[in-house]
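Novice: Residue strings, one per chain:
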Amino acid sequence: MAPGPDLTALSVRGVSRRFGGLVAVDNASLDVAPGVVQAIIGPNGAGKTTLFNLISGLYRPTQGEVRLLGEDVTGLPPSALARRGLSRTFQNLQIFFNMTAVENVMVGAHLRSDARLWSAIFRPGARARQEREAIRDARRLMEEVGLGAYLDADAAAMPYGALKRLEIARALASRPKLLLLDEPAAGLTPPEARSIGTLMRRIAADGVTIVLVEHNMRLVMGVSDRIVVLDRGRVLADGRADEIRANSDVARVYLGKRMRTARAVVHA
Amino acid sequence: MRRDTAVLLLLAVGIAVLPFALPNRYFYDVAILAGINAIVCVGLNLLIGYTGQISLGHAGFFGLGAYASAILTGYGCPAPAAMAAGAVIVGALAALVGRPILRLKGHYLAMATLGMGIIISIVITTEDRVTGGPDGMAVAPFGLLGWSVQGEEAWYWVIGASLVATVALALNLIASPVGRALRAIHGSETAAEVMGVDVARYKRMVFVLSAVLAALAGSLAAHYSGFVSPAKAGFMHSIELVTMVVFGGMASTLGAVVGAVLLTVLPQLLTVLKDYELLMFGALLMGTMILMPRGLLPTLETLWRRARI
Amino acid sequence: MLSQAVQFLFSGLTLGAIYALVALGFTLIFNASHVINFAQGEFVMIGGMTTVFLVGFGLPMPMAIALAVAAATGIGMALEKLAVEPARQASITTLIIITIGASIFLRGLAQLVWDKKLHALPPFTGDAPIGILGATILPQSLWAMGVGVLLLLALRWFFARTLLGQAMLATANNRMAAQLVGINVRRILLLSFALSAALGAAAGILIAPITLTAYDVGTNIGLKGFAAVMLGGLGSSAGAVLGGLLLGIAEAFGAGYVSSAYKDAFAFVIIMLVLLWMPRGLLGGAAAERV
Numbered sequence: 000m001a002p003g004p005d006l007t008a009l010s011v012r013g014v015s016r017r018f019g020g021l022v023a024v025d026n027a028s029l030d031v032a033p034g035v036v037q038a039i040i041g042p043n044g045a046g047k048t049t050l051f052n053l054i055s056g057l058y059r060p061t062q063g064e065v066r067l068l069g070e071d072v073t074g075l076p077p078s079a080l081a082r083r084g085l086s087r088t089f090q091n092l093q094i095f096f097n098m099t100a101v102e103n104v105m106v107g108a109h110l111r112s113d114a115r116l117w118s119a120i121f122r123p124g125a126r127a128r129q130e131r132e133a134i135r136d137a138r139r140l141m142e143e144v145g146l147g148a149y150l151d152a153d154a155a156a157m158p159y160g161a162l163k164r165l166e167i168a169r170a171l172a173s174r175p176k177l178l179l180l181d182e183p184a185a186g187l188t189p190p191e192a193r194s195i196g197t198l199m200r201r202i203a204a205d206g207v208t209i210v211l212v213e214h215n216m217r218l219v220m221g222v223s224d225r226i227v228v229l230d231r232g233r234v235l236a237d238g239r240a241d242e243i244r245a246n247s248d249v250a251r252v253y254l255g256k257r258m259r260t261a262r263a264v265v266h267a
Numbered sequence: 000m001r002r003d004t005a006v007l008l009l010l011a012v013g014i015a016v017l018p019f020a021l022p023n024r025y026f027y028d029v030a031i032l033a034g035i036n037a038i039v040c041v042g043l044n045l046l047i048g049y050t051g052q053i054s055l056g057h058a059g060f061f062g063l064g065a066y067a068s069a070i071l072t073g074y075g076c077p078a079p080a081a082m083a084a085g086a087v088i089v090g091a092l093a094a095l096v097g098r099p100i101l102r103l104k105g106h107y108l109a110m111a112t113l114g115m116g117i118i119i120s121i122v123i124t125t126e127d128r129v130t131g132g133p134d135g136m137a138v139a140p141f142g143l144l145g146w147s148v149q150g151e152e153a154w155y156w157v158i159g160a161s162l163v164a165t166v167a168l169a170l171n172l173i174a175s176p177v178g179r180a181l182r183a184i185h186g187s188e189t190a191a192e193v194m195g196v197d198v199a200r201y202k203r204m205v206f207v208l209s210a211v212l213a214a215l216a217g218s219l220a221a222h223y224s225g226f227v228s229p230a231k232a233g234f235m236h237s238i239e240l241v242t243m244v245v246f247g248g249m250a251s252t253l254g255a256v257v258g259a260v261l262l263t264v265l266p267q268l269l270t271v272l273k274d275y276e277l278l279m280f281g282a283l284l285m286g287t288m289i290l291m292p293r294g295l296l297p298t299l300e301t302l303w304r305r306a307r308i
Numbered sequence: 000m001l002s003q004a005v006q007f008l009f010s011g012l013t014l015g016a017i018y019a020l021v022a023l024g025f026t027l028i029f030n031a032s033h034v035i036n037f038a039q040g041e042f043v044m045i046g047g048m049t050t051v052f053l054v055g056f057g058l059p060m061p062m063a064i065a066l067a068v069a070a071a072t073g074i075g076m077a078l079e080k081l082a083v084e085p086a087r088q089a090s091i092t093t094l095i096i097i098t099i100g101a102s103i104f105l106r107g108l109a110q111l112v113w114d115k116k117l118h119a120l121p122p123f124t125g126d127a128p129i130g131i132l133g134a135t136i137l138p139q140s141l142w143a144m145g146v147g148v149l150l151l152l153a154l155r156w157f158f159a160r161t162l163l164g165q166a167m168l169a170t171a172n173n174r175m176a177a178q179l180v181g182i183n184v185r186r187i188l189l190l191s192f193a194l195s196a197a198l199g200a201a202a203g204i205l206i207a208p209i210t211l212t213a214y215d216v217g218t219n220i221g222l223k224g225f226a227a228v229m230l231g232g233l234g235s236s237a238g239a240v241l242g243g244l245l246l247g248i249a250e251a252f253g254a255g256y257v258s259s260a261y262k263d264a265f266a267f268v269i270i271m272l273v274l275l276w277m278p279r280g281l282l283g284g285a286a287a288e289r290v
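Residue numbers (numbering that gives the first Met the number 0), protein chains in the order written: chain C, 0 to 267; chain Y, 0 to 308; chain R, 0 to 290.
No more than 25 Å apart at the CA atoms, straight line, and that leaves these computed lysine to aspartate or glutamate pairs for DMTMM-like:
id, chain 1, residue 1, chain 2, residue 2
1, Y, Lys273, R, Asp114
2, R, Lys116, Y, Asp274
3, R, Lys262, Y, Asp127
4, R, Lys80, R, Asp215
5, R, Lys115, Y, Glu276
6, R, Lys262, Y, Asp134
7, R, Lys115, Y, Glu239
8, C, Lys176, Y, Glu188
9, C, Lys176, C, Asp237
10, R, Lys262, Y, Glu126
11, R, Lys116, Y, Asp134
12, Y, Lys273, R, Asp215
13, R, Lys116, Y, Glu276
To be clear, the hints were calculated from the coordinates, so they are not data collected in a lab.
Hey, can you work out the whole structure from these sequences and the hints?
Specialist: Below is the structure:
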């Protein structure tokens with residue numbers, strides 16, 4: 000089924016997730032049009048990462064429905080979602096530290112490789128050719144995300160900022176239609192964060208839909224087509240960047256906390 | 000890939016020239032036992048070293064392979080067919096058991112595999128009408144249509160060739176997208192799954208593969224020694240196998256071979272110490288792992304690379 | 000029928016008390032270091048064997064017991080200092096292999112210092128069976144259960160009421176935080192090995208008059224202790240005790256009603272079934288992996 004122009008890339012309908020007594024995500028709904036950059040913001044503990052985990056299949060929703068390119072994918076495991084064009088990065092890095100950087104990216108291309116036991120063991124010749132191609136692809140992808148300096152590095156020897164990009168390269172290697180980025184700029188310097196923003200626009204320009212969780216407001220406001228605000232698991236607001244900026248609820252819940260934090264910093 | 004070819008060549012040449020240094024049958028015997036252990040360890044290393052999934056029950060698979068050969072050839076089944084049947088039975092069992100227990104993690108997986116191995120060895124010990132019980136049972140020689148493998152020298156070549164084939168298989172597997180997926184599971188199961196790796200399926204696959212290799216090695220061992228006993232399926236043998244893998248160096252196929260060979264030969268050397276044998280073996284094992292926590296081969300490789308720079 | 004069941008229950012509780020003590024030893028060390036100490040069974044062996052030989056030299060029983068516990072404690076601390084501490088940076092698998100090396104070493108040492116024969120320790124207070132509800136129980140079984148309960152209560156008090164006990168709990172919960180508030184984590188580690196060895200030795204001394212002892216009894220009892228820990232849930236003291244008792248009872252009833260040859264298999268089948276339903280044991284709690 001090819002995605003028509005009227006189709007949403009991602010549609011979250013009335014999704015909830017409880018952990019014991021805690022409702023981490025509460026009846027959240029959200030539609031993401033193809034090719035846009037959609038941000039999800041909200042204070043700490045608002046349920047942003049939980050929502051990501053629900054969308055990418057790491058958690059099952061307690062109720063509600065997740066649709067990917069029009070298809071109901073609620074409750075499917077992550078590997079099945081990957082096959083349908085979803086990929087993501089992680090807030091707490093999930094790098095394969097036992098591998099080189101290039102190998103990390105090659106795992107991203109897993110679904111396009113010939114990963115059958117038979118050919119793995121008995122057709123080393125044919126495989127070697129495919130592997131050379133896969134290595135070339137991975138290196139090109141690393142260069143595209145600005146990791147040209149780490150083409151021969153072990154993942155374990157790379158600095159934090161580079162690992163953030165490595166996760167993006169690995170996710171892109173699967174040629175996703177929908178890419179979830181969980182705090183891609185966290186812990187980065189302002190110039191690094193800006194260049195992540197540029198990278199995101201470039202990825203979106205290639206037709207990849209991006210859903211982004213991020214605390215860096217300058218980056219969010221600069222890069223997003225639409226923004227959803229979560230607070231205590233609920234969708235508080237949904238709109239364009241300027242609409243969100245003008246929304247008084249958002250200012251109260253989100254920026255209010257910010258101001259208190261700011262005051263605390265001043266008085267410290 | 001070039002490195003893999005070199006490793007394989009080194010191993011094959013080593014096996015080919017070793018007989019010049021083996022003065023008598025006793026030395027051949029030790030070499031054969033080392034080779035059999037190495038086959039199991041190369042398989043086990045795919046599971047433990049590369050995929051990061053512990054098993055404390057692989058001696059159970061080894062024992063089942065050995066007893067399948069012993070029992071089936073006892074009923075007149077040709078040895079190769081009995082061996083294949085043992086491998087199929089063990090493969091099916093591993094697939095069946097692997098489905099639920101490979102969901103467990105870390106120490107819990109260790110517990111479940113350990114329990115599985117112990118249950119297998121208790122069944123073998125107890126069902127004495129079929130297995131001969133604690134006394135073990137005799138096994139017919141390995142042969143087909145009147146021709147059979149006899150004597151240490153012939154067995155040396157059979158085991159040597161089997162080991163080279165196993166190592167080739169493991170090297171090929173690890174250098175492939177399948178191997179990469181297995182290593183990814185070791186690195187981060189979550190990320191592997193998100194990248195489209197069907198983690199449960201791959202874990203089960205490598206579990207079955209390593210179990211089948213253990214079963215085949217068990218069959219060979221049974222035919223070679225002409226005798227099987229429940230100890231081969233027991234907890235201590237499982238522990239020995241894991242120790243060999245870790246000692247040689249996890250996530251290194253050659254390391255698994257080296258670990259198996261050294262820890263097979265070492266107790267033989269230590270027998271001259273008589274009463275001090277266990278003490279020395281324990282001390283050497285502890286000392287090596289403290290000084291070389293990543294295992295023998297990876298540590299030596301690092302030293303070698305540093306020395307060249 | 001009832002008397003038979005009571006009889007099985009007695010032997011199950013006796014075994015269970017021993018398993019619980021060994022399991023607690025595993026738990027103490029695991030909580031302080033995340034290491035599964037495969038030499039735990041050797042502490043049990045050292046306790047039993049040392050007592051047997053000291054009594055053989057003519058020492059009064061209480062003194063022999065005290066010296067045996069002290070010897071095991073010393074060996075436990077030496078194990079931590081000489082084998083575990085130097086390998087702090089190693090992976091968990093490597094640490095496990097180191098403790099396996101230690102267990103082989105200690106077995107070799109025991110066979111050198113003593114011998115390879117089976118030994119019986121005389122019961123603490125005679126061997127005239129006591130009748131209860133139509134079943135009989137050996138005085139030594141009462142000792143095992145009684146001392147087991149006492150040791151549990153003492154441990155409880157230690158963790159609830161003493162500063163050192165609280166420091167151990169804090170380290171188990173969060174090593175980094177404990178270090179930040181000034182707890183000497185290395186001393187806690189040493190202490191956990193000492194305590195764990197003492198518990199193991201006590202178990203070995205209590206059971207030696209019932210099941211005999213030898214240089215290699217540690218393997219089997221260590222295995223059972225580990226199984227009890229996993230059944231109860233790794234890291235939970237209550238789980239260790241529960242797992243130990245359940246395992247002992249399952250073994251006694253399995254041997255009595257099903258098949259004595261399959262008594263060990265019975266226990267492991269139960270554990271595997273429990274793990275299928277509760278992948279972190281009975282009281283292990285849920286795992287939370289943050290991504």
